[in-house]
Amino acid sequence: MSPILESIGSVKGFGWGAFAALLPSFESIATATGTGSNSTLTLSSIPQTYKHLQIRYISRDTSAITNPAGIWIDLNNDTAANYTQHYLIGNGSAASASGNSAASTAGSPQLSRATACGGMAANIFGAGIIDIFDYSSTTKNKTIRAFTGTDFNTASTTAEVGLFSSVWLNSGSGVSTIRFYFPTGGNFATGSTFALYGIKGA
Amino acid sequence: MAITYEPVATTTLSSAASTITFSSIPATWTDLRLVLVARAVSTTISVDVRFNSDTGSNYSKTILYGDGTSAQSARYTSQTQIGTNFGSAFDATNPGLLTMDLFSYAGSTNKTVLFTVDNDLNGSGETQRTVALWRNTSAINTIALISSANQFKIGTTATLYGILKAA
Chain A
1 MSPILESIGS VKGFGWGAFA ALLPSFESIA TATGTGSNST LTLSSIPQTY KHLQIRYISR
61 DTSAITNPAG IWIDLNNDTA ANYTQHYLIG NGSAASASGN SAASTAGSPQ LSRATACGGM
121 AANIFGAGII DIFDYSSTTK NKTIRAFTGT DFNTASTTAE VGLFSSVWLN SGSGVSTIRF
181 YFPTGGNFAT GSTFALYGIK GA
Chain B
1 MAITYEPVAT TTLSSAASTI TFSSIPATWT DLRLVLVARA VSTTISVDVR FNSDTGSNYS
61 KTILYGDGTS AQSARYTSQT QIGTNFGSAF DATNPGLLTM DLFSYAGSTN KTVLFTVDND
121 LNGSGETQRT VALWRNTSAI NTIALISSAN QFKIGTTATL YGILKAA
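Going line by line, the protein sequences match chains A and B.
According to our numbering, the first sequence holds residues 1 to 202 in order.
According to our numbering, the second sequence holds residues 1 to 167 in order.
Everything labelled a hint here was simulated from the structure, so no lab data went into it.
Treat the hints with care, since some could be wrong.
[Claimed, not checked] Estimated spans, in silico, between C-beta atoms of each pair:
# : chain 1 : residue 1 : chain 2 : residue 2 : range
1 : B       : T28       : A       : N38       : 45 to 51 Å
2 : A       : L169      : B       : T116      : 27 to 33 Å
3 : B       : T93       : A       : T157      : 48 to 54 Å
4 : A       : S98       : B       : S78       : 38 to 44 Å
[Stated by the list, open to error] Computed list of chain B residues with no C-beta within reach of chain A, every gap over 10 Å:
#  : residue
5  : T12
6  : T62
7  : N110
8  : L121
9  : S138
10 : I163
11 : A166
Predicted, not measured: the structure shown is a model, and the values here were computed from it.
The beta carbon of each residue, even a glycine, is placed where N, CA and C say it ideally should be.
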C-alpha cells in the first residue's frame, strides 16, 4: 500500500526535490486516551513542523448525566477570554445556529457538543474531526473547525450533529498544547481517544 | 516515518452495479474513511450503508441538512440500514459525493460514524452532515454501499482509506 495525501507542488525538477514530494504528508503525532479517572486530556509539545493539525476523537463523559454538555478545548493553556465561536447544529428535530465572542474556551459553550455520558446507554461514544489551520503561525490568529456528532438511537434531542468554527485570538504564538475537558467536571471514560495528526505543506 | 493514511481498496465500476462491497477489511488501522463519487444509471438513486451484512434494526442516525431553501434536522432510530436518502440523491449526470468516517472500527464499542453527503443537481440537491450509530460491538470487516432504486453507473468510484493513530 502506498502512502497518500502527498505534498504536490514543490517539485522544481528531477532529483531529491521530486523524491521529497512523494513523502507522506499526513502523520501521526500523538494520542491521548481516557482512563476513566482523568478530567483532562492534553496533547503537548506539539512540533511546529506541519502546516495544519487534525484531531480525530471518540469520547465519553463518565458523569452520570443524560444531557451532555459537550467537550471544551483550550490552546496553550490559555483560559482567558480569547476565543470566538459560531456553530450550526441539528438535534434530530430542528437545525439551529448561534455563536459568541470573547469566550474563555474555544467555543464556549463548547467546541463540540457531541459526546456520550455515563447516564446514557453504555458503550456509545461521540465522535469528531477537529482541524486547526496554520497552527504554527506567529503572525495570524488560529482558526479551528470541527465536525462532530453523537447518536443514541433514541428520540432525545440531546443527540446532535454539528459544525463548529472558532478562532483563537492569538497571532503571536504557535499552538503547542491542546487541552480537552468536560464542563460537567466529568472524566474521560476508558476508550476515549484523541489522536493528533500533522498535515505537511508543500 | 509512520504511514498513517493509506488506501485500503478502490473500486471503479466497469459496468453498472447495485451494490459496492468492501470485505475482509483488516483490523490494522484506528479509523476508516470511505469516499464515494457516484452517478446513477437513470433518474436518481440514494445510497444505503450496512456493516458486516447486518440487516437487523441496529442502525440510527441524526442528520443536519440544507436543501437550498432552509436548514433542517431529522432523526431515524432502529433502522435496518443507514440511509442517505433524506431527500437527497445522485442522478445520472451530476456525481454526488459521500464520505464516511468510521471511528475505532475494530474496537469493542458500538460504532459511531460521521457522514457527509453533497450533491448539487442543477436546481435541486442537498448538503448533509450526519452522525450514525451501529449498535454492534464487533469489528467492522465488511462495508456495503447499496443503491436503493437504480444502479450505480459505470465510472462510479469508491475508495477506502485506513488511518492509524500514534501509539
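Results for each hint:
{"no.": "1", "hint": "B:T28 to A:N38: 45 to 51 Å", "verdict": "violated, 28 Å"}
{"no.": "2", "hint": "A:L169 to B:T116: 27 to 33 Å", "verdict": "holds, 29 Å"}
{"no.": "3", "hint": "B:T93 to A:T157: 48 to 54 Å", "verdict": "violated, 38 Å"}
{"no.": "4", "hint": "A:S98 to B:S78: 38 to 44 Å", "verdict": "violated, 31 Å"}
{"no.": "5", "hint": "T12", "verdict": "holds, 16 Å"}
{"no.": "6", "hint": "T62", "verdict": "violated, 5 Å"}
{"no.": "7", "hint": "N110", "verdict": "violated, 5 Å"}
{"no.": "8", "hint": "L121", "verdict": "holds, 21 Å"}
{"no.": "9", "hint": "S138", "verdict": "holds, 12 Å"}
{"no.": "10", "hint": "I163", "verdict": "violated, 7 Å"}
{"no.": "11", "hint": "A166", "verdict": "violated, 4 Å"}
In summary, the numbered hints that this structure violates are 1, 3, 4, 6, 7, 10, 11.
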